[in-house]
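Peer 1: Sequence order for the protein chains is A and B.
First residue of the first sequence? That's 1 in our numbering, and the numbers climb one at a time after it.
First residue of the second sequence? That's 316 in our numbering, and the numbers climb one at a time after it.
The reader is advised that the hints may include incorrect statements.
[Stated by the list, open to error] In silico SDA-like cross-links for lysine to any residue, where the CA-CA straight-line distance does not exceed 25 Å:
(1) A/Lys312 with B/Lys489
(2) B/Lys385 with B/Val317
(3) B/Lys494 with A/Val138
(4) B/Lys419 with A/Gln279
(5) B/Lys385 with B/Ile478
(6) A/Lys158 with A/Ala126
Hints were generated in silico from the structure; no laboratory data involved.
Each chain, letter by letter, is given below.
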Amino acid sequence: MLIKKAADIRSSEVTPKSWYMDRRKFLTGSALAGAAVVGEQLWSPSTVVQANDKIPNLQKSSFSTNEKQTPYKDITNYNNYYEFSTDKYEPASLAAKFKTRPWTVTIDGAVKKKQKLDVDSIIALAPPEERIYRHRCVEGWSIVVPWIGFSLSELIKKCDPLPKARFVEFTTLFDMAQMPGQQTSVLRWPYTEGLRMDEAMHPLTLLCFGLYGEVLPNQNGAPLRIVVPWKYGFKSAKAIVKISFVENQPPTAWNDATPREYGFYSNVNPHVDHPRWSQAKERRLGEFLKRDTLMFNGYDQVASMYSGMDLKKYF
Amino acid sequence: MVRALKVLVFVLCLVPVGILARGFFGAHPTDMSSWGQGLGANPLEVITHSTGDWTMRFLLITLAITPLRKITHLNWLIRFRRMLGLFAFFYGTLHLFTYLWFDKNFVLADILADVAKRRFITVGFSGFVLMIPLAVTSTAWAIRKMGGKRWQVLHRLIYFSAIAGVIHYIWLVKSDLTKPLQYGVILAALLLYRVAVWVWPKGPRKTVPVARTSAA
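Take these sequences, add in the hints, and give me the full structure.
Peer 2: This is the structure in structure tokens:
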């Protein structure tokens, strides 16, 4: 048994070790230089992108809603992004200097090929689509956002997960110097989120890098986030540095913080209240009275993934 | 002098609601479609939080009057207490109506269900209800009619109202307890002062004998 284990390590040899070291550096945030070295090899000045740069050749999507879109100003100034601040109006300024390039995303866990991908090579994997989604916060407000990205499944297919991979775990950057909210312990850092494999592969699940025709603003999760429109907003991890394919349901930040209030699934559900407040209604930003919240936030096509599940138990 | 100061304090107490109104109605108060834009993305959340905050602040300011008066011996401070307490009630009323109107659209069944089921609403609502008899009996006539002693006992309800306010706030936040705990610490200090005065009505023991010997 011992011999077999040693052999396993030999077969993958040097690279995993260096990834590991690098990951450590990344996590402590003390050696940004370490990440920069990796980035430098992949990154050329021509690929520099920043917020407000237009994203050309956007494809339309049949998943888009024709509801009135929330103004850009509101989407980019009202952000729940605890890495920067618990005050929704602060991430816009606190994230202004956040460095989104060079940026690498580690793909690891149960995949054929563990690798580190440059964010721009990920963005280039598929044509960008505009997806106008409803977005419902667990706090009871909602917005309509013209996101830009493509289905996360495009990336997952390229990663070649092993059959034993049943869940996908997303890890947000941990860098206290850049993300001042991480100096407090309101949540455990780094923020992680997770989806079941079928949820992650669902075409609605968006790998997102843009908003309103432009590169994603930092306060909205640049350079790369996911958007899962039938789940409460906190399920949609921002500033992703790692995507891991795992066998068991991964721990998630809000669930760790308050397990009885924030479930792993956290599907938008007007019939299952938050223990402290009702989820039956929501305030669409820009409207004065509350409107009814829809099951799965109106995305009925996901219902079959949960057939037979007690959604009160698996909230 | 105190009268003039009272007018000034009265106007100052109206500043928070003035700022809210200015933000809400904006530069074009006759254009209904522009309402709320001066208060950011979620104006009703701003109004709810601001009126709630000011209710809590006025409760604490009101409760600070007596300790402040006793420590500084500025007895005229007492003449501001009623006004400050009534402003706590005023902001509490605005806070409650924001909820009743914009959250519940005055649907009684929804309101009752919420009050019964949501503990942060239950406790917040209780805190407001406890303020009602205090506001009603805030007149000189009521004090005369009730008698000072009974009036004073009744008005100790403000302690429970303020405690309810802090619990209401603690129970509604998602994970950042900083602000409710700040209010909690201030309230605890103000209440502990009263406990101390009740236990040692003649002040800290040390100073009393010293004062006596020096007088003798």
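Peer 1: All the hints need checking, so say for each whether the structure fits it.
Peer 2: To see whether the hints hold, each was checked on the structure:
1. A/Lys312 with B/Lys489: holds, 21 Å
2. B/Lys385 with B/Val317: holds, 18 Å
3. B/Lys494 with A/Val138: Satisfied, since the Cα-Cα distance of roughly 21 Å is no more than 25 Å.
4. B/Lys419 with A/Gln279: Holds - the C-alpha atoms of A/Gln279 and B/Lys419 are around 13 Å apart, at most 25 Å.
5. B/Lys385 with B/Ile478: Holds, at about 23 Å.
6. A/Lys158 with A/Ala126: holds, 11 Å
The structure is consistent with each of the numbered hints, conforming to all of them.
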